[in-house]
Amino acid sequence: MTEAVREAPKKERPEFRNIHVTDIMKYRLPMAGIVSILHRISGALMFLLLPFVLYLLQESLRSEYTFANFMIIASHPIAKLVMLALVWGYTQHFCAGVRHLIMDTHVGLDKDSARKSATVVVVITVIVTALVALKLFGVF
Amino acid sequence: MANNNIGPKRLVVGAHYGVKDWLVQRVTAVLMVVYTAVLFFMIFTSSTPSYEGWAALFAKQWFKLFSAVTLLALFYHAWVGVRDIWMDYIKPVGLRLFLQIATIGWLIACAAWSLQILWSV
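Heads up: the sequence lines are chains A and B, in that order.
Start counting the first sequence at 211; every next residue gets the next number (the working numbering).
Start counting the second sequence at 115; every next residue gets the next number (the working numbering).
Treat the hints with care, since some could be wrong.
Label pairs and their in silico Cβ distance ranges [stated by the list, open to error]:
| hint | chain 1 | residue 1 | chain 2 | residue 2 | range |
| --- | --- | --- | --- | --- | --- |
| 1 | B | P122 | A | A343 | 52 to 60 Å |
| 2 | B | L209 | A | D320 | 38 to 46 Å |
| 3 | B | F155 | A | Y265 | 20 to 28 Å |
| 4 | A | I229 | B | K178 | 42 to 50 Å |
| 5 | A | E222 | B | A226 | 50 to 58 Å |
Some residues of chain A that are not near chain B, with every Cβ distance over 10 Å (derived) [what the hints assert, rightly or not]:
| hint | residue |
| --- | --- |
| 6 | I234 |
| 7 | M235 |
| 8 | A242 |
| 9 | R272 |
| 10 | V297 |
| 11 | W298 |
| 12 | V317 |
| 13 | D320 |
| 14 | A324 |
| 15 | V332 |
| 16 | V336 |
| 17 | F347 |
| 18 | F350 |
One side only, chain B facing chain A, incomplete, derived with CB under 10 Å [what the hints assert, rightly or not]:
| hint | residue |
| --- | --- |
| 19 | V144 |
| 20 | M156 |
| 21 | F158 |
| 22 | S160 |
| 23 | T184 |
| 24 | L188 |
Everything labelled a hint here was simulated from the structure, so no lab data went into it.
In this text, all values refer to a predicted model and were calculated from it rather than measured experimentally.
Every residue, glycine too, gets a C-beta built ideally from N, C-alpha and C.
Same shape as in the complex, but just chain A (with noise of 0.2 Å):
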């Protein structure tokens, strides 16, 4: 018994690591994956634009004359693409948030339920953001 466990040949153990950056492009994620990493995506992009936000509410808050200066920035195209981005990653977060208080009552957790809501999730946000780029950039 011994003899031939120490005989036997070692075999090359298929090594499983977490996801490497790198290989983000190769994986192809199921509805649910993707609605996940896009709210940590756009969880950390409110994170980061507090700043620009706060600042608006100053701004928008003050006194009638900053108000005037809040819509000057306001209406600035990079200023108006950051608040779209902005706008995208609230109703993102916001779906696919209620969507993770719903799941936490035990509704819909079986696989097919959970992808279907991760679509209406992306569907969502998708339709609202253009909406609002829309509005945004005068179309309406």
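With chain A fixed as given, assemble chain B onto it according to the hints.
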């Protein structure tokens, strides 16, 4: 209690900060959902957008306090999320600790700034 704390039943998660942070994230999330709904309601039921209307909304004491509590909840919520990101991707302990301390400092500064903004109107 002491007898249960040996062998396979040994308590290894005694701090319970996992459950606490999970709960904090949910409670603060619900608060932000409610605030979002109220804010949208107040904006859409008001007349044409102007500084007067916007400032008058934030001049109301109940709305000021509601905004303050929600923003503080947001910063706590952000702390839990950002800390998770550092813990997942930043392995060197020194760098992770630095980033966590920087995050706390930054969020406390944001909290103070928010209160200053809210009480400037």
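Going down the list of hints, with the structure as the test:
no.	hint	result
1	B:P122 to A:A343: 52 to 60 Å	56 Å, holds
2	B:L209 to A:D320: 38 to 46 Å	40 Å, holds
3	B:F155 to A:Y265: 20 to 28 Å	25 Å, holds
4	A:I229 to B:K178: 42 to 50 Å	45 Å, holds
5	A:E222 to B:A226: 50 to 58 Å	57 Å, holds
6	I234	12 Å, holds
7	M235	17 Å, holds
8	A242	18 Å, holds
9	R272	5 Å, violated
10	V297	12 Å, holds
11	W298	15 Å, holds
12	V317	15 Å, holds
13	D320	22 Å, holds
14	A324	18 Å, holds
15	V332	19 Å, holds
16	V336	19 Å, holds
17	F347	18 Å, holds
18	F350	16 Å, holds
19	V144	7 Å, holds
20	M156	14 Å, violated
21	F158	14 Å, violated
22	S160	14 Å, violated
23	T184	12 Å, violated
24	L188	9 Å, holds
Checked against the numbered hints above, the structure violates hints 9, 20, 21, 22, 23; every other hint is satisfied.
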